[in-house]
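Peer 1: In the order they appear, the protein sequences are chains L and P.
So the number in our numbering is just where the residue sits in the first sequence, counting from 1, plus 150.
So the number in our numbering is just where the residue sits in the second sequence, counting from 1, plus 1.
No wet-lab data here; the hints were simulated from the structure.
Some hints here could point you the wrong way.
EDC-like cross-link-like pairs, simulated, lysine to aspartate or glutamate; straight-line CA separation at most 16 Å [claimed, not checked]:
#1 Lys100/P - Asp157/L
#2 Lys100/P - Asp213/L
#3 Lys53/P - Glu257/L
#4 Lys207/L - Glu218/L
#5 Lys100/P - Glu194/L
The structure displayed is predicted, hence computed values, not measured ones.
What follows is each chain in one-letter form.
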Amino acid sequence: DTGVSQDPRHKITKRGQNVTFRCDPISEHNRLYWYRQTLGQGPEFLTYFQNEAQLEKSRLLSDRFSAERPKGSFSTLEIQRTEQGDSAMYLCASSLRVGHRVRNTGELFFGEGSRLTVL
Amino acid sequence: GNSVTQMEGPVTLSEEAFLTINCTYTATGYPSLFWYVQYPGEGLQLLLKATKADDKGSNKGFEATYRKETTSFHLEKGSVQVSDSAVYFCALSPYNAGKSTFGDGTTLTVKP
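So that you can see chain L by itself, here it is in the shape it has in the complex (with noise of 0.2 Å):
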C-alpha cells in the first residue's frame, strides 16, 4: 500500500501524559499536513511542511503541541499533558508541490487519522 499512512490508529490515555503520533506520506510528497477533526466538524488545520521545513503553524494551537519532520519523509506530532479537550481525530495528508511556475492545485491525500481518547 503506497498512500498515507498513520499509527497508531487509536490511543488511549490519561489526562497529563504525553502521546506521539506518527505520520509516512506518499513517498514522493514534499507537503505534509496535520489536521484535527472532532465529531460533527471539519478538519481544523495545525500544521504543514514542506520537506523538512515546518511553514506554517495554526495560532490556536497550544504550545504543548509540537510537529516535527526531521528528514523531510516521516513526522510526528506529540501532544505533551494531555487534556480532555485534545480528545478528536488526529489527521495527516500529504500532497506535492511542483514548483513556482506550475499551478499546484492542492490537493490532499489523507490517511486513515489517529484517534486520540483522553480520560
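Since chain L is already given, all that's left is putting chain P on it; use the hints.
Peer 2: Frame of chain L, contents of chain P only:
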C-alpha cells in the same frame, strides 16, 4: 481569512433521488475548490476538484461548478445510490497551495 460554509445536514434521500449539497466560500485570490468524501470507517478522499472559474469537476456521477460570481461550488448528483452514503466536505486551497480550509461536512444517507 478563508472560510467555507456548507449546507447543514444530515440529508436523507431515497435511492435515485436528486442530490444538491450547497457550498459557498470566502477567499482572496483564486483558490482551487474541492469536494472530499469520507465513507464510513475510511479516511477522507478526493471526490472532485476545480481550479479556476467556470471549471466543472466531475467524478462518479457527481458534479460541481466553480462559480466565482456567487463564490459557490455546489455538489450535485442526478441519481443517488445507497453506496453514496457518506460525509461530504467542501474545501478550498489557496493559489499557492498552502493550507486547505474545510467546511463542517454534510452527512448523506441514502435509503433503498
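Peer 1: Hints first: check each against the structure and report whether it holds.
Peer 2: Okay, the hints, checked on the actual structure:
1. The hinted pair formed by lysine 100/P and aspartate 157/L fails the criterion: a straight-line CA distance of about 22 Å is larger than 16 Å.
2. The straight-line distance between the Cα atoms of lysine 100/P and aspartate 213/L is roughly 20 Å, outside the 16 Å bound, and the hint therefore fails.
3. Between lysine 53/P and glutamate 257/L the CA atoms are separated by roughly 14 Å; this keeps the pair inside 16 Å, and the hint holds.
4. Using a Cα cut-off of 16 Å, the hinted pair lysine 207/L and glutamate 218/L holds, with the two alpha carbons roughly 12 Å apart.
5. Restraint check: the Cα-Cα separation between lysine 100/P and glutamate 194/L comes to about 10 Å, which is no more than 16 Å; the hinted pair holds.
Figure legend: structure checked against the earlier numbered hints; hints not met, in rising order: 1, 2.
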